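Novice: Sequences listed follow chains A and B, in order. Going by this note's numbering, the first sequence opens with residue 1, and the numbers climb by one from there. Going by this note's numbering, the second sequence opens with residue 1001, and the numbers climb by one from there.
Calculated from the structure, these hints are not laboratory results. Nothing here was measured: the structure is a model prediction, and the numbers come from that model. Accuracy of the hints is not assured; some may be wrong.
[Stated by the list, open to error] As a list, the in silico BS3-like pairs of lysine-lysine whose alpha-carbon atoms are at most 27 Å apart: (1) Lys144(A) - Lys160(A); (2) Lys147(A) - Lys118(A); (3) Lys287(A) - Lys138(A); (4) Lys138(A) - Lys283(A); (5) Lys2(A) - Lys131(A); (6) Lys287(A) - Lys147(A); (7) Lys101(A) - Lys131(A); (8) Lys289(A) - Lys144(A); (9) Lys16(A) - Lys144(A); (10) Lys1118(B) - Lys16(A); (11) Lys27(A) - Lys16(A); (12) Lys93(A) - Lys138(A); (13) Lys160(A) - Lys1085(B); (14) Lys160(A) - Lys1118(B); (15) Lys212(A) - Lys1017(B); (16) Lys289(A) - Lys141(A); (17) Lys93(A) - Lys27(A); (18) Lys147(A) - Lys131(A); (19) Lys245(A) - Lys1085(B); (20) Lys101(A) - Lys1017(B); (21) Lys67(A) - Lys101(A); (22) Lys93(A) - Lys1085(B); (23) Lys160(A) - Lys27(A); (24) Lys245(A) - Lys212(A); (25) Lys1085(B) - Lys12(A); (26) Lys246(A) - Lys1034(B); (27) Lys131(A) - Lys141(A); (28) Lys93(A) - Lys1118(B); (29) Lys251(A) - Lys147(A); (30) Lys144(A) - Lys118(A).
The chain contents come next:
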Amino acid sequence: MKLSYYPGCTLKNQAKNFEDSTLCALKRLDIEVEELSRWNCCGTVYSLTTDDLMHHLAPIRNLIRAKEAGSDSMMTLCAMCYNTLKRANERVKAEPEDLEKINNFMYREEIDYQGDVKVLHLLEILRDNVKPETIQAKIVKPLKDLKVANYYGCMLVRPKDIGLDDPENPTVMENLVSDLGAEPLDFPYRTECCGSYQTVDNPDMVVDRTFKILSSATSRGADVIAVSCPLCAFNLDHRQRETIKKHPEFKTIPILYFTQLMAIALGCGIDDLRLDLHYVDPKPILKEKGCI
Amino acid sequence: MRISISREKIHNSFVEKVQELSGQNLLDCYQCGKCSAGCPSVAQMDLLPNQIIRFAQLGLEEELRNCQSIWVCASCLTCNVRCPKGINIAEVLEAIRQILLRHREDRVKIEDMTTEEKCSVPPIALVSNFRKSTS
Chain A
1 MKLSYYPGCT LKNQAKNFED STLCALKRLD IEVEELSRWN CCGTVYSLTT
51 DDLMHHLAPI RNLIRAKEAG SDSMMTLCAM CYNTLKRANE RVKAEPEDLE
101 KINNFMYREE IDYQGDVKVL HLLEILRDNV KPETIQAKIV KPLKDLKVAN
151 YYGCMLVRPK DIGLDDPENP TVMENLVSDL GAEPLDFPYR TECCGSYQTV
201 DNPDMVVDRT FKILSSATSR GADVIAVSCP LCAFNLDHRQ RETIKKHPEF
251 KTIPILYFTQ LMAIALGCGI DDLRLDLHYV DPKPILKEKG CI
Chain B
1001 MRISISREKI HNSFVEKVQE LSGQNLLDCY QCGKCSAGCP SVAQMDLLPN
1051 QIIRFAQLGL EEELRNCQSI WVCASCLTCN VRCPKGINIA EVLEAIRQIL
1101 LRHREDRVKI EDMTTEEKCS VPPIALVSNF RKSTS
């Protein structure tokens, strides 16, 4: 399997912690990926109207890039990129007429897209291709005593035929976190939307969600929340500033990408974690638990 | 809320357009309410998701055009996943948004946003918000 790595816009700036921790962790696991050359923004959301082929161009163009790189699979980390790219891919595979229109519109591309690149998320690559024993053998610092509440949000698990796990009771993150030596905690809002793009013009709604989702996890004893989406990370982490103002009794909790947990366990340095990009500082709890 | 129902409304072109853009058959819905029960945005909604489907079935174009619900929807797809009839309610809300946006009735005016506002959120938030709230 030749894997092209598709970062998406935010992983190069506000979510550089997601990218850097991933690349270090993958190196430790001997999983080779190559960043896609000339990738463009995927569009962030999959257009839900039946007639909107224009907004499927961006995802398909990225799949052409993967094909040009000689890859049969594209790895994403951001849940929204995963969802948008995969839905567009499945759409054109199911509707050859739409694929033809899209290829014709992008006539200046050197090749036509044939529907033969797979869109994969790192969580499913690990689950389906890497034995737990392989990961455990490479662990340098098991995350003992760290209680992790895994937050999936929406785009990893919905809609049913696109999601990488069950939309109501996914387990892939819990299993990974267990393999890393940590203790996964269940809580009822693992797949409840964080508010997503409402954070731009309706941030108060996100504040209420953040309050609900995180209070539920902290009341069950979570030390950290693990996420896989830069928008979830922004909403659950940075919007804690507004959440404390509105709910003074709110207990803050650090938000980490699942790959940061992997990086710590696999022995990556603190520079690969980019903890400076967080609002709620994860260092105190990580030091307390002996993780860093 | 005073609502008037008529045969003309039920057969109007707005309903047809909503069905065409959403790809959903509105009459499949039997108002079980699971979509509304699962929707995380209901606290801010004036019409609940199941009510939006009902209003669309009845061709109540004015009420749908003016509701706040379609703009506080976060497209989380919980409604779609829980509907026992397999109706994509999120697609119906997107269709109503698009009917308005395609006539430049934007919810968010980018030109009115300050640089500070635009810089206060990551790119993923701006792009997705503008896709859903602007033309």
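Novice: Would you mind marking each hint as holding or not holding in the structure?
Specialist: Status of the hints after comparison with the structure:
no., hint, result
1, Lys144(A) - Lys160(A), "33 Å, violated"
2, Lys147(A) - Lys118(A), "34 Å, violated"
3, Lys287(A) - Lys138(A), "21 Å, holds"
4, Lys138(A) - Lys283(A), "23 Å, holds"
5, Lys2(A) - Lys131(A), "19 Å, holds"
6, Lys287(A) - Lys147(A), "14 Å, holds"
7, Lys101(A) - Lys131(A), "41 Å, violated"
8, Lys289(A) - Lys144(A), "7 Å, holds"
9, Lys16(A) - Lys144(A), "26 Å, holds"
10, Lys1118(B) - Lys16(A), "19 Å, holds"
11, Lys27(A) - Lys16(A), "17 Å, holds"
12, Lys93(A) - Lys138(A), "38 Å, violated"
13, Lys160(A) - Lys1085(B), "14 Å, holds"
14, Lys160(A) - Lys1118(B), "33 Å, violated"
15, Lys212(A) - Lys1017(B), "37 Å, violated"
16, Lys289(A) - Lys141(A), "11 Å, holds"
17, Lys93(A) - Lys27(A), "33 Å, violated"
18, Lys147(A) - Lys131(A), "23 Å, holds"
19, Lys245(A) - Lys1085(B), "42 Å, violated"
20, Lys101(A) - Lys1017(B), "23 Å, holds"
21, Lys67(A) - Lys101(A), "19 Å, holds"
22, Lys93(A) - Lys1085(B), "25 Å, holds"
23, Lys160(A) - Lys27(A), "32 Å, violated"
24, Lys245(A) - Lys212(A), "15 Å, holds"
25, Lys1085(B) - Lys12(A), "41 Å, violated"
26, Lys246(A) - Lys1034(B), "30 Å, violated"
27, Lys131(A) - Lys141(A), "18 Å, holds"
28, Lys93(A) - Lys1118(B), "36 Å, violated"
29, Lys251(A) - Lys147(A), "16 Å, holds"
30, Lys144(A) - Lys118(A), "35 Å, violated"
The structure shown violates the earlier hints numbered 1, 2, 7, 12, 14, 15, 17, 19, 23, 25, 26, 28, 30.
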